[in-house]
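Asks: Sequence:
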Amino acid sequence: VLTWFNQTGQDPHTYKATTLARQSLEQAQLVLYGGYEFEPEVIKLVQATNTPAPKIAVHDQAVPSPIMAEAHHHDDHEQEKDDHKDHHKDHHDDHHDHEEEKTGSAHSDEELEPDPHIWHDVQNGIKMAEVIRSQLAALNPDDQELYAKNAKQLTTELEQLDAWVKAQVATIPKGQRQLITTHDALGYYINAYGFSDSDALQGLSAEEAPTAARVKELVQKIKKSKVPTIFAEVTTNDKVIGTVAREAKVKLSDQKLFADGLGEKGSDTGTYIGMITSNTCAIVDGLGGNCSSFAAKAAK
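Using the working numbering, the letters of the sequence shown correspond one by one to residues 647 to 946.
Among the hints, a few may not be true.
[Said to hold, decoys possible] List time: in silico PhoX-like cross-link candidates among lysine-lysine, alpha-carbon distance up to 20 Å:
id	residue 1	residue 2
1	812	943
2	862	820
3	895	911
4	897	795
5	885	895
6	870	902
7	902	885
8	862	895
9	872	897
10	897	867
11	911	885
12	897	869
[Unchecked claim] If you anchor each label on the Cβ, the simulated ranges turn out as follows:
id	residue 1	residue 2	range
13	859	920	35 to 43 Å
14	690	872	42 to 50 Å
15	840	939	43 to 51 Å
16	820	697	49 to 57 Å
17	897	683	52 to 60 Å
18	870	669	47 to 55 Å
19	769	819	21 to 29 Å
20	883	912	52 to 60 Å
21	939	698	43 to 51 Å
22	862	936	46 to 54 Å
23	897	776	34 to 42 Å
24	669	790	28 to 36 Å
25	668	917	42 to 50 Å
26	912	794	23 to 31 Å
It should be emphasised that the hints constitute simulated quantities derived from the structure, not laboratory data.
It should be emphasised that the depicted structure is a prediction, and the values quoted were computed from it without experimental measurement.
The beta-carbon is built from N, C-alpha and C at its ideal position, and this holds for glycine as well.
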């Protein structure tokens, strides 16, 4: 029996554990959770339980060297005072020069945290699938051939998906490959698929409301960049990002991005592949590209 704690449309960053979740955890034979503080309440729950079941932080194992990013944004005044450059302006230069970030000011070192949103790079999705396959095979050795077969099929589909995303993003005019979102959840996507710049209203977590200074700063950046569209997200309130769009005189995409999870079960976005394709077409079409549909080809 597979038990999933976080419900569709719920922000994992702010998830609160239920009694049923605690009971399910105690009875589990295998516990798989994200890690990198993606769902803080779940991590606390996992660490506190006495179950002898293996407890696997999938994100940590799949991507042991994650992107480091700010948990919360600071306005320009704070940045100047602390001599700390905007992490997101340099977010993609030189494919994330982590060593430069790590050797910055003491203030910035304290505020950089692992970005948990690893699955937005499909290559990381493949790594996550392998972590899960390995754990299931260890739990049920008799079924390891089945797990291997399914993982191989999924990997083939995801390799095709990865190539498809790159091809779609390539249709966006080069000067418009800039992604502005509600919170900083798409760093891996931006790195993997050739965006020149990005920014977000909030940091890795959308818990704290952005300051007026942060809103003003982002509006000014959007005006200078001439980006045509910015994006809201399914699990966050779009009121402030809507204000940013109006003040910057750009379009707020009609299609919200799935930044922190999947869509409703049974819907087009209720699967990993469906979520990635939905996000990609929203981004590509919104930024002036031409998104075509994705269809995985059967392995020969």
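Asks: A separate judgement is required for each hint: does it hold in the structure or not?
Replies: Status of each hint after checking the structure:
no., hint, result
1, 812 - 943, "holds, 17 Å"
2, 862 - 820, "violated, 26 Å"
3, 895 - 911, "violated, 35 Å"
4, 897 - 795, "violated, 45 Å"
5, 885 - 895, "holds, 15 Å"
6, 870 - 902, "violated, 24 Å"
7, 902 - 885, "holds, 13 Å"
8, 862 - 895, "holds, 13 Å"
9, 872 - 897, "holds, 11 Å"
10, 897 - 867, "holds, 15 Å"
11, 911 - 885, "violated, 26 Å"
12, 897 - 869, "holds, 12 Å"
13, 859 - 920: 35 to 43 Å, "holds, 38 Å"
14, 690 - 872: 42 to 50 Å, "holds, 44 Å"
15, 840 - 939: 43 to 51 Å, "violated, 20 Å"
16, 820 - 697: 49 to 57 Å, "holds, 51 Å"
17, 897 - 683: 52 to 60 Å, "violated, 33 Å"
18, 870 - 669: 47 to 55 Å, "holds, 53 Å"
19, 769 - 819: 21 to 29 Å, "holds, 25 Å"
20, 883 - 912: 52 to 60 Å, "violated, 26 Å"
21, 939 - 698: 43 to 51 Å, "holds, 46 Å"
22, 862 - 936: 46 to 54 Å, "violated, 34 Å"
23, 897 - 776: 34 to 42 Å, "holds, 39 Å"
24, 669 - 790: 28 to 36 Å, "holds, 29 Å"
25, 668 - 917: 42 to 50 Å, "violated, 28 Å"
26, 912 - 794: 23 to 31 Å, "holds, 28 Å"
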